[in-house]
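Could you slot chain F onto chain A? The hints should help.
Number of protein chains: 2
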Amino acid sequence: MAPITNGRTLYNEIPTGFPEPGKTTVYDTSLTIDLENVPLNGGVLVKTLVLSADPYMRVQMRPVDIESYMPPFIPGQPIFSLGVGKVVRSDRDGFKPEDYVYGLLDHAQYCLANPDAPVFGIRVFVPEPGLRYSAYVGAAGMPGQTSYYGWKEYANAKPGETVFVSGGAGPVGSIVIQLAKRDGLKVIASAGTDEKVKFCKEVGADVAFNYKTTNTLDVLKKEGPLNIYWDNVGGTTLDAAIANAANHARFVECGAISQYNSKEGVNMKNLDQIYARRIILYGFLISDLAPKWEAEFYKIIPKKLASGEIKFSEDITYGLENSGQAIRDVQIGTNTGKKVIVVAQE
Amino acid sequence: MAPITNGRTLYNEIPTGFPEPGKTTVYDTSLTIDLENVPLNGGVLVKTLVLSADPYMRVQMRPVDIESYMPPFIPGQPIFSLGVGKVVRSDRDGFKPEDYVYGLLDHAQYCLANPDAPVFGIRVFVPEPGLRYSAYVGAAGMPGQTSYYGWKEYANAKPGETVFVSGGAGPVGSIVIQLAKRDGLKVIASAGTDEKVKFCKEVGADVAFNYKTTNTLDVLKKEGPLNIYWDNVGGTTLDAAIANAANHARFVECGAISQYNSKEGVNMKNLDQIYARRIILYGFLISDLAPKWEAEFYKIIPKKLASGEIKFSEDITYGLENSGQAIRDVQIGTNTGKKVIVVAQE
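These protein sequence lines map, in sequence, to chains A and F. The first sequence begins at 18 in my numbering and counts up by one. The second sequence begins at 18 in my numbering and counts up by one.
Extracted from the complex, chain A is given alone in its bound form:
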């Protein structure tokens, strides 16, 4: 088989605000790949099926000498994110052609994927019957794990308590809402469009509101106080949650999408209530919690997703050439449901 074009989305430069396709990232078709003969050097050649666009990717668009929890993107090289692919050829025990793999993949139609990456090295998985494999970058993957691990580890939920979930329609928030309802809590959820608010209610939120048209402080004052706050957004929403926290509230600090695209900082008025109300804020990343919760997660959650007992939604972008736009959409929040980039059919 002759070499074929290997489309790739390359990282170009650090954005000043929201990432812009064509500027922050550039789609490139200048390279070809010879699938039969490209040297594997102990690695695994993967055909990319779906890629994930996640909020944290903005954190990877930074000067390469600044450390953070995910490695930075390198100018001129493909961006990378979690994805699902199929093994084409393998030089590694445990990986064979046609296996599904999940883990960090380059935004390329084909890539040599790394099982040994320090975070999210690829691993083989068998999709749950009835569950489409794209779910494995969403509710059955990192976002779902984030919800499950964080909730289990930190929420210390008691029936009758009240939880507020910001970013409630996202792949993390929507699972948190459902875990909280299963534990017998009253759930307040916020989201940035009326369509997202509707989805929050569909998955069980008792109260859901559009934070762009409704005052968060007012809602929380009326519906709180909060025993638990699941924070996907940071910023003034965090401040409002602190102002309406119950004594001994638990705050699960999961993300801060409101802050990723700005260097302005945020005016916080209620931080002194952290000690006054004895709030504990748990910053966490799933990589730390995986050893404790991963096996349980895979045993329980994919089945519930396949049966519909736990709901999830996807917002699909077709074509790798559009991955830059998909990434931007997630930063701005115009996606409805887990943003998935479909790169190829099987």
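Because the hints were derived from the structure by calculation, they are not lab data. Don't take each hint at face value.
One copy or two, it doesn't matter: identical chains are merged, so the pair holds either way.
[Said to hold, decoys possible] Here are the simulated lysine-lysine pairs, DSS-like style, with alpha carbons at most 30 Å apart:
hint : residue 1 : residue 2
1    : 40        : 169
2    : 286       : 40
3    : 229       : 64
4    : 316       : 286
5    : 203       : 238
6    : 239       : 229
7    : 309       : 169
8    : 320       : 198
9    : 316       : 203
10   : 198       : 175
11   : 113       : 218
12   : 320       : 103
13   : 113       : 64
14   : 218       : 316
15   : 215       : 113
16   : 169       : 198
17   : 238       : 286
18   : 103       : 328
19   : 320       : 175
20   : 229       : 286
If you're wondering where the values come from, they're calculated on a predicted model, not measured in any experiment.
Just chain F now, kept in the frame of chain A:
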């Protein structure tokens, strides 16, 4: 014995910024008290010896319908704080004349003190030989307990780790410095005057700096990263500590003196690092931890204070008529050492 004047410091009005003696509080000598005949109604008549002026008292100067962890001051009534007194007469088992008591006392020369107050009801204590009783509102009292309980419960300190203590020269911070050194940590401390910086070093801080003349971010960048941050001040210092936190840092959120006298809020730039670095922030009050740690504290700490093994310092204001000024001094930070108001000699 004829009735005598009972001087009192009355609460007058909510300050807009720092409390002002004569405006926020007013010293009043209009009442007399008949020590022999004043009805006790099951209570305890106490002669006030020393009173404490603490940062949290600013939190009590608020509208009475706003809840917080300490009850609000009531306009027209005496302010109150922790203090040491001597029992004059008692209508209560367990309290007899000449007993020393510690707990919430009115800012009055004599008061009917309450053993049943929900927080800090008075209790009898026997001063450790060699330890002046004023220490029982400082290093041997609430501030020392705050340090001890919080450190034991949340610091999870390991030898060789680095801790940053803001408000390092205060009665809480200076004990934290010493507990940290005993646990084998590197200690960075900040304070607001050169004299306070000197005291931080005297009690063992490896690095101490005046945050008004030295950039906190620069010091922490050079001397960090921080495994533990003991936060007495909040605000931009907290932001700087977050920016220089190690992964899995523990933040002990003890106070926020930088915020009590302002409604401006504070511009925070690094809150997203709470999750990125997996920081846990523990808001706490000693009342929650007392059942677990109080007995151990009283068994260990007063002896070490009496022997000089643990150092403390006091900044004394003489005369109840000056308690309003003492309270202001603590808010501004012009005191050096634990602010104690000496109301009477024994």
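Outcome of the hint check:
no. : hint        : verdict
1   : 40 <-> 169  : neither (40 Å within a copy, 52 Å between copies)
2   : 286 <-> 40  : between (37 Å within a copy, 26 Å between copies)
3   : 229 <-> 64  : neither (40 Å within a copy, 58 Å between copies)
4   : 316 <-> 286 : neither (43 Å within a copy, 40 Å between copies)
5   : 203 <-> 238 : within (14 Å within a copy, 43 Å between copies)
6   : 239 <-> 229 : within (18 Å within a copy, 41 Å between copies)
7   : 309 <-> 169 : both (10 Å within a copy, 26 Å between copies)
8   : 320 <-> 198 : within (18 Å within a copy, 52 Å between copies)
9   : 316 <-> 203 : within (27 Å within a copy, 44 Å between copies)
10  : 198 <-> 175 : within (11 Å within a copy, 39 Å between copies)
11  : 113 <-> 218 : neither (43 Å within a copy, 63 Å between copies)
12  : 320 <-> 103 : within (22 Å within a copy, 69 Å between copies)
13  : 113 <-> 64  : within (13 Å within a copy, 85 Å between copies)
14  : 218 <-> 316 : within (27 Å within a copy, 55 Å between copies)
15  : 215 <-> 113 : neither (43 Å within a copy, 67 Å between copies)
16  : 169 <-> 198 : within (13 Å within a copy, 35 Å between copies)
17  : 238 <-> 286 : both (16 Å within a copy, 26 Å between copies)
18  : 103 <-> 328 : within (26 Å within a copy, 66 Å between copies)
19  : 320 <-> 175 : within (25 Å within a copy, 42 Å between copies)
20  : 229 <-> 286 : both (20 Å within a copy, 22 Å between copies)
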